[in-house]
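Under the numbering used here, the first residue of the sequence shown carries the number 4, and numbering increases by one thereafter.
Please note that the accuracy of each hint is not assured.
Cut-off 27 Å, straight-line C-alpha distance, at most; resulting in silico cross-link-like pairs (DSSO-like, lysine-lysine) [to be verified]: (1) Lys65 with Lys221; (2) Lys138 with Lys95; (3) Lys65 with Lys138.
Now the in silico label distances, taken between C-beta atoms and shown as ranges [as the list claims (entries may be wrong)]: (4) Ser210 with Phe160: 23 to 33 Å; (5) Ser101 with Lys204: 43 to 53 Å; (6) Gln215 with Val74: 12 to 22 Å; (7) Ser162 with Ser218: 44 to 54 Å; (8) Ser201 with Val120: 35 to 45 Å; (9) Phe81 with Ala249: 13 to 23 Å.
For the record, the hints were derived by calculation from the structure and aren't laboratory data. Note that beta-carbon positions come from the ideal geometry of N, C-alpha and C, so glycine has one too.
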Amino acid sequence: MAATIAERSPFLRPSNPRLIKKAQKSQITKTKERKSSLLGAYANLCNVTMGAGIVGMPYAIKEAGLVSGTVMIIICAFLTEYSLRQLISLGKVADVNSYETLMEASFGRPGFIFLSVNMFLLSLGSMIAYLIIIKDTLPVLLQVAPDDEDTKRVIMFISSLLIILPLSLQRDISDLEKTSKFNVILNTILVALVAGFSPIKESVSASGGIIQLISDEKILDISTFFIGFGVCSFAFVCQDSSFIIAG
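Using the sequences and the hints given, assemble the complete structure.
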């Protein structure tokens with residue numbers, strides 16, 4: 004008799020795990036699922052990782068410090084990459100194809116509900132962050148007066164209705180391949196513009212040089228480090244999309 008998913012789960016099993024029953028072939032509606040190319044999957048992963056969180060990275064460095072903030076980004080990137088590999092590998096072992104069912108196979112129904120609620124809150128926070136960015140930046144490009152809040156809200160509503168909503172209604176993440184590639188290009192241009200036109204040399208020279216700048220700051224300031232760490236962690240969160248992108 005073949006072992007169930009919960010019995011084969013590599014995680015700590017609850018005392019009464021909920022067994023996940025696979026649908027019979029007759030119950031499955033056959034629909035042609037589009038697959039992304041390798042470049043498209045890479046663009047989707049970059050888009051998920053470098054979303055609204057990229058705007059907060061300078062603030063994370065400011066709060067954590069230059070040295071500790073740089074180390075923090077490297078560690079977060081390594082842990083993100085490692086966790087994505089582990090999730091996909093464990094999903095294959097447990098024979099599940101989504102983040103939620105992996106939690107259900109490991110911790111039963113409470114695990115499924117816990118993860119679903121957290122994914123909803125994460126998506127809600129990301130959505131609010133995007134709307135705030137749109138409300139703060141797009142009216143500036145359209146030369147709207149800073150105190151004209153009504154016009155800003157109208158612009159935010161129309162742009163959300165015409166751009167964000169249609170993109171959110173796509174069935175598969177592979178349908179976002181082209182927009183993800185475009186977003187990666189825009190992010191690269193954004194970073195290049197900031198690096199090319201920000202007064203980095205002047206700021207470093209005013210502080211006495213890079214060596215003096217590093218030696219004057221605290222290696223680790225606990226009072227502000229975890230503020231930057233929280234912002235950085237939010238920027239690197241993409242585990243909820245790991246199975247969707249892996250396909």
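Verification of the hints:
1. At roughly 12 Å between alpha-carbon atoms, Lys65 and Lys221 fall within 27 Å of each other, so this suggested pair holds.
2. For a cut-off of 27 Å, the pair hint linking Lys138 to Lys95 is broken: about 42 Å separates their Cα positions.
3. Between the alpha carbons of Lys65 and Lys138 the distance comes to roughly 24 Å, so the proposed pair stays at or under 27 Å and holds.
4. Taken as a hint, the range 23 to 33 Å is violated for the pair Ser210 and Phe160, whose Cβ atoms sit roughly 44 Å apart.
5. Checking the proposed 43 to 53 Å range against Ser101 and Lys204 shows it holds: the Cβ atoms sit about 49 Å from each other.
6. In this structure the supplied range 12 to 22 Å holds for Gln215 paired with Val74, their Cβ-Cβ distance being about 20 Å.
7. Look at Ser162 against Ser218: about 46 Å separates their beta carbons, and that is inside 44 to 54 Å.
8. For Ser201 and Val120, the hinted distance range of 35 to 45 Å is satisfied, since their beta carbons lie about 40 Å from each other.
9. Hint check: Phe81 to Ala249, Cβ distance near 19 Å, so the stated range 13 to 23 Å holds.
Hint compliance for this structure: hints 2 and 4 are broken, all remaining hints hold.
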